[in-house]
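Engineer: Protein sequence lines correspond, in order, to chains P and D. Under the working numbering, read the first sequence as residues 1 to 126, first letter to last. Under the working numbering, read the second sequence as residues 1 to 205, first letter to last.
Keep in mind the hints are simulated off the structure, nothing from the lab. These figures come from a predicted structure and were not determined experimentally. Glycine residues also receive a C-beta, built at the ideal position from the N, C-alpha and C atoms. Take the hints with a grain of salt, since some may be wrong.
[Unchecked claim] Per the computed footprint, the stretches of chain P lying under chain D, defined by three or more beta-carbons under 8 Å from a beta-carbon of chain D, are:
{"no.": "1", "region": "25-39"}
{"no.": "2", "region": "67-75"}
{"no.": "3", "region": "99-113"}
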Amino acid sequence: MKITKAVGVDSLSVEIRLISERIEVVATSSMSLDRLVISAKVFCPVSTGALMDSIRVERRGPLETALIAGGGGHINPRTRRPVDYARHVHDGTSRVPPRPFLLQAVLSEQLRLAMEIMDLAGGLMQ
Amino acid sequence: MMETSLTYTVSVTGLDQVKAQADSAARSADLASNSISALQGQGVRTMPLVMNALQTVTSLHHSVENVTKALQTMNPEAMVYALLSMVSVVTNLMQVMRLLRESTATAAAAQAILDTLTGGWWLIPLAITAGALIASSVRSMQTGGPIQETGIYLLHRGEYVVPTSSVSNYGPFYVSFPESSLRLDMNRFLRELGPRLARQVRRAA
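Using the sequences and the accompanying hints, generate a full structural model.
Structural biologist: Written as structure tokens, this is what we have:
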């Protein structure tokens, strides 16, 4: 679905000034990155699902969020050991190829995030 | 101690530049609005030309959206078409601009409108976000050399990656072509590439 907002030339300056005022608030509220987590889980290879379950976001600042895989007390149900192999799966090793699920998620979501911020700032989305 | 988790930091940067651009665009929009009001008051005959410029700018905006979509879906064919469309719209825009500049009555209004709408300020967060997110995560091999650590690298067109097995057995080898090859038919060039590589491998072995 495409939402278009028609703006007359006479009110264009008001609309653009609103963007300037809203953009920081909108960007801050868009950084929860729920969709990024979903994308990363979709791209994540699954054996027991422990690595996929460990994917999460942590807010580091108003305009900064960390997308994290592994650690955080997550335990692999098969080995009973902590999920500490996220980097090996993501970047690959000498024996397994890289499966960059976080990078793929970031790549696939970054433009959408920027567009969402601009659409929200422009009043095209609620 | 080895890290137990893998972290990608996602941040939005460049909002100050966006604000500055938006404020500048808003000032231009004020000028545009005032100039159009003045033109309407005078009943100037070149008014349709200004409206044509506005339509062309809208087409440009659509073209930008199409390129963005093509980038999002990583569809090279759609990207080429979208870029070609953008080139054609920009060419059209330049012609309209030239016509507008010839008419002093509409020049101020046209300039203000085009400054507002073609500033490309809506592209700024896209470019900044795209650049910032990737730069911090992917290592580059721009200067070449051995890869010390397993991971994801940013490779560019024309660069070669040599498998470890080939390095230890034969050493790295490179296939070079005379500059005139670039002017040859691309299909022929690609057909000849396989046999050339095979010859290089045989010689290296």
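Engineer: Are there at least three residues in the region 25-39 of chain P whose beta carbon sits under 8 Å from a beta carbon of chain D?
Structural biologist: holds (count 5)
Engineer: For the region 67-75 of chain P, count the residues whose Cβ lies under 8 Å from any Cβ of chain D; is that count three or more?
Structural biologist: With 6 residues closer than 8 Å to chain D, the region 67-75 of chain P meets the three-residue bar; holds.
Engineer: Three residues minimum, CB to CB under 8 Å: does the region 99-113 of chain P make the cut for coverage by chain D? Let me know.
Structural biologist: Coverage by chain D holds here, the residue count being 10 at a Cβ distance below 8 Å.
Against the hints set out earlier in the document, no violation occurs for any number.
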